[in-house]
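Protein chains: 2
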Amino acid sequence: MNEKELEIVKSTNKKSKPQTDQISFGKTFTDHMFIMDYEADIGWNNPRIVPYEPITLDPASMIFHYGQTVFEGLKAYRSEDNRILLFRPDKNLQRLNLSSERLSIPAIDEESVMNYLKQLVSLEQDWIPTTEGTSLYIRPFIIATETNLSVAPSQSYKFMIILSPVGSYFSGGIKPVSINVEEQFTRAVKGGTGTAKTAGNYSSGYQAQAKAKNEGNADVLWLDGLEKRYIEEVGSMNIFFKINGEVVTPELNGSILNGITRMSIIEVLNEWEIPVVERKISIEELYQAYADGELEEAFGAGTAAVISPVGELNWLGRKMVINNNQIGALSKKLYDEITGIQTGKLVDSHQWILEV
Amino acid sequence: MNEKELEIVKSTNKKSKPQTDQISFGKTFTDHMFIMDYEADIGWNNPRIVPYEPITLDPASMIFHYGQTVFEGLKAYRSEDNRILLFRPDKNLQRLNLSSERLSIPAIDEESVMNYLKQLVSLEQDWIPTTEGTSLYIRPFIIATETNLSVAPSQSYKFMIILSPVGSYFSGGIKPVSINVEEQFTRAVKGGTGTAKTAGNYSSGYQAQAKAKNEGNADVLWLDGLEKRYIEEVGSMNIFFKINGEVVTPELNGSILNGITRMSIIEVLNEWEIPVVERKISIEELYQAYADGELEEAFGAGTAAVISPVGELNWLGRKMVINNNQIGALSKKLYDEITGIQTGKLVDSHQWILEV
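If you read the sequences in order, they're chains E and G.
Here the first sequence is numbered in full-length UniProt numbering, starting from 1 and rising by one per residue.
Here the second sequence is numbered in full-length UniProt numbering, starting from 1 and rising by one per residue.
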């Protein structure tokens with residue numbers, strides 16, 4: 001694909017930027033956004049950066065009816081020496097295309113889109129907050145726009161990138177959370193869409209989330225859809241356990257997300273020569289490890305929180321309190337390492353950082 | 001809920017109506033649409049019929065990211081004596097609320113919405129085509145509209161109804177179709193969203209559909225997500241088999257849709273004292289019945305086609321040709337009965353018809 005020339009229309013009506021300590025996740029957006037269109041006969045076309053504004057769609061647009069849509073999430077960080085850093089953005093665009101394949105959405109050209117993304121972030125660089133733990137959240141997404149109620153792949157799409165400054169995920173320091181092991185609802189199953197970042201995977205979890213919250217938990221630990229036995233993900237993060245000195249995370253089995261924080265943690269642990277294994281792990285095995293005093297740490301891993309310690313797991317009335325409900329030493333060390341690389345404080349020995 | 005007063009803004013720029021024989025499904029829409037809004041603090045409000053027009057949404061609206069949306073599909077028919085008939089619309093609105101519950105969307109007041117729907121169809125009655133097999137397709141749907149990238153239920157929604165004249169599903173008479181038994185992809189699993197009419201259930205099937213079409217089939221027969229063994233649905237229809245004089249359809253197991261055509265067929269068969277059973281049926285059992293010469297008929301059942309005969313099933317290289325690839329006598333009789341009631345040609349002894 002030849003890279004199309006990028007048109008830039010600058011906003012003449014700049015918004016005021018929020019105080020870092022007053023930012024709620026995902027509610028504030030910057031002055032510009034990126035859009036590109038797709039039509040079946042000409043492919044992706046008309047890439048442009050324009051003022052952030054509402055989009056107008058026919059009510060019969062396929063996105064409103066059949067869920068043909070994919071998205072990604074990544075962050076831009078401002079380093080202490082004022083550089084703009086992206087963390088493994090190539091992995092996000094690769095995964096976007098894998099998600100699109102599952103949803104029968106045409107692939108984007110990763111190289112061109114990386115260039116557009118960098119230009120958008122560069123234009124909006126004054127929006128990157130600088131306080132500890134803050135960043136500019138980047139949301140690329142694709143929606144099906146054909147006006148047609150037939151149940152079939154759309155012949156037209158919009159690819160967009162919007163940017164949102166985000167505050168510290170853990171205001172007042174990292175706090176371990178309480179998680180409910182979900183026994184009734186299912187997130188995903190092999191042959192379904194669980195490995196894709198697509199809309200339907202998220203709203204389908206709201207009922208389980210609400211149940212967990214009603215019982216005093218922050219989120220849900222999903223079990224596999226087949227036997228309701230093997231651990232899959234926590235909320236919308238991957239999950240890790242430290243059991244008797246070894247780190248265990250569920251293997252990529254066709255229903256969990258191939259998380260970029262997850263893959264980075266595994267690479268860091270290998271580098272540190274800390275045993276880490278990707279395998280099936282059942283909730284019974286986890287409970288037995290807990291009962292035997294061998295469940296040392298547990299944490300979720302994802303772009304939003306990077307590392308989110310699990311202090312308590314509730315499974316059918318049985319409560320597992322992990323590491324006295326404190327963040328574990330390894331969890332903390334991984335958090336410091338990954339966020340240190342992301343923000344340019346630590347040496348990027350893996351070449352994970354792309355400077356804008 | 002008190003019924004809110006309906007505002008009506010009439011279109012001043014009427015479209016020309018298509019020739020009945022030139023209508024593609026779901027691409028032509030009438031002059032008006034219904035909209036109603038929801039905000040968490042005031043509930044559903046501002047019901048209105050307005051000219052059909054695009055809607056404008058922030059790119060961070062939740063519908064574009066997390067798939068919190070539900071829909072329904074039903075039809076208005078013009079009878080020979082010029083009445084406007086709806087087929088069991090109360091069942092559609094009941095099911096819409098069940099779907100909404102699964103997706104954590106606030107319920108609508110079924111009685112008020114039925115009234116709004118009737119007023120919209122009445123206003124657009126000149127759009128109901130009159131040729132044999134045609135109707136006015138009615139698409140109610142709800143989308144999450146809060147501007148927020150948090151993975152949580154939206155605090156605002158739009159409920160809309162749009163109308164589309166549809167031609168005969170089977171131009172040139174009913175033709176049995178060839179169906180591929182899908183072994184790789186999964187439509188739904190217990191604890192998931194399979195019983196809800198929600199967007200993510202549909203686009204997740206596109207890859208399997210494309211594979212089936214590449215192999216010369218019209219659509220997919222879905223097996224259960226757990227064992228890939230028990231028959232669930234065909235395309236986006238329920239499925240029925242006539243085996244050795246008895247009609248068998250998969251039981252409502254928590255992953256298949258509770259189809260309104262499906263439930264009507266079961267009631268008609270009971271009335272006719274033809275044996276009908278809702279139970280698990282495996283693809284092996286079906287193949288054995290075929291091999292034994294006992295598989296007499298097979299058909300999909302749904303709002304779009306009413307009855308869609310299956311002439312050929314392809315399962316792992318094994319081909320089952322059903323009833324010599326002709327529509328079966330019972331399939332035809334059911335088609336005539338249901339469509340006869342829907343169009344007012346036959347007596348509505350079940351009180352299924354609502355006259356607008």
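Some clues are possibly wrong.
Copies of the same chain look alike in the list, so a pair counts if it works inside one copy or between any two.
[To be verified] Restricting the straight-line Cα-Cα distance to at most 20 Å, the calculated cross-link-like pairs of lysine-lysine (PhoX-like) are:
1. 118 - 91
2. 319 - 228
3. 10 - 175
4. 175 - 213
5. 10 - 211
For the record, the hints were derived by calculation from the structure and aren't laboratory data.
Check the structure against each numbered hint from earlier and tell me which ones fail, lowest number first.
Per hint list: 3 and 5 violated.
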